[in-house]
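J.: Sequence:
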Amino acid sequence: MSARARWTLAGIVAGSGLAALFGAGSSALAAYFARRIITPSIRNADQEILAVVRSDEGLQIILAANADTTSKGTFSLFFAGGAGHARIGRIVSYSPAERTVQREVEEVYSGDLSSAHRGWWSGAVYASPASLGLEAEDVEIEVDGGKAPAWLVRAEAGHSTGRGTTAGEGTTGEGAARVWAIMVHGRGATRLECLRALPVALGLGLDCLLISYRNDGLAPAAADGRYGLGSTEWRDVEAAIAFALEQGAEEVVLFGWSMGGAISLQTADLSRYRHLIRALVLDAPVIDWVNVLAHHARLNSIPRAVGRYGQLMLGHSLGRRLTGLAAPLDLRAMDWDARAVELRTPTLLIHSVDDDYVPYGPSASLAERNPEMVTYVPFTAARHTKEWNVDREKWERLVRSWLEPRLAPLAPELTGGR
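Numbering (full-length UniProt numbering), first residue to last: 1 to 418.
Be a bit skeptical, because a hint or two may be false.
[As the list claims (entries may be wrong)] Derived CB-CB ranges, DEER-like:
#1 Asp356 - Ala64: 14 to 22 Å
#2 Arg397 - Leu270: 14 to 22 Å
#3 Gly361 - Glu98: 32 to 40 Å
#4 Glu107 - Gly361: 34 to 42 Å
#5 Val377 - Arg36: 30 to 38 Å
#6 Glu142 - Leu59: 41 to 49 Å
#7 His275 - Pro405: 17 to 25 Å
In case anyone wonders, no lab produced these hints; they're calculated from the structure.
Ideal Cβ positions, reconstructed from N, Cα and C, are used throughout, including at glycine.
Given the sequences, and given the hints that come with them, work out the whole structure.
T.: In structure tokens, the structure reads:
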């Protein structure tokens, strides 16, 4: 941040300059915008459930039609404040005139769907590893403030569902995997989001650790109760890597969705274990927070100057009393488009071109700026973090074909004798 910007913010926070520059209403809007980005919130049940019917083909649901509910693929619907969870399958019928869509209900994991009137659409189609026919260990990882629960699914569990391992690549031959997958969910989501990646990761012989992290409702909350957008959460991923190493892992692959991608990138940059991160597999990742914040300001019709002021609040110590952050966020340090040449971990970026939450542009730009390390593969009609949902076969084939050669044992001169 320039000296001029620092002095400008100091004057604003101090008092009279604020009203002169933006007006009280604009400054309040900027503060609201900044706080909303970093404050965990309750999911909004914005999806209308019109009817649940039983036909000769099984249970079906009629929903208000929108861009989500008319997407082809497999999704889920949470209802009853999140206590209810159902997996939603193919489209049976769609009426643009009536603005309704009828879809197959593949499974109701919990709750009484017939009595539900509203819910929210999600890409988290499984309720637990057991939903995939897999056994999981409930483990706890020591993090700041306490213990964070995680699921540990061993590669050998893949055999129970007919999924093999890549012989000699991901396993040590003693029942423990040499390379582990650590899976990091996105903002406002939970480890359920990561379950979709289990089949392909287990098939590659990776033990899988699906983690929780600060402020996600499972792990201990941060002292300030605010998201660090990756700048603080990476320490919980580092703790997960330490846990994996204690359990016999030698290296890890980080999988990350949305903000989980930003967290994974920070881990690969800052962790003392960064040399043990073999690869990153990132789905709809946040590559540049400034780009994302500007995008959301436009979506919410917030004037550009007000949006920029909100970013300034997040990035300066004098804005802490307005944002509630314990420490300012260095958004530029998390701009991996600008820092492209500094990324030295092989990275796969999967991002839909119609993502209306995290724009795909920085992902494509990062790959263009650093083609040696970064591979970008676009999807279409998937919106945000639902690439697997709209085309599971493509997603799994892509991850498998890209990751498998990168799991091959490194030459001794590259490992330093590890």
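J.: Of all the hints given earlier, name the ones this structure violates by number, lowest first.
T.: 2
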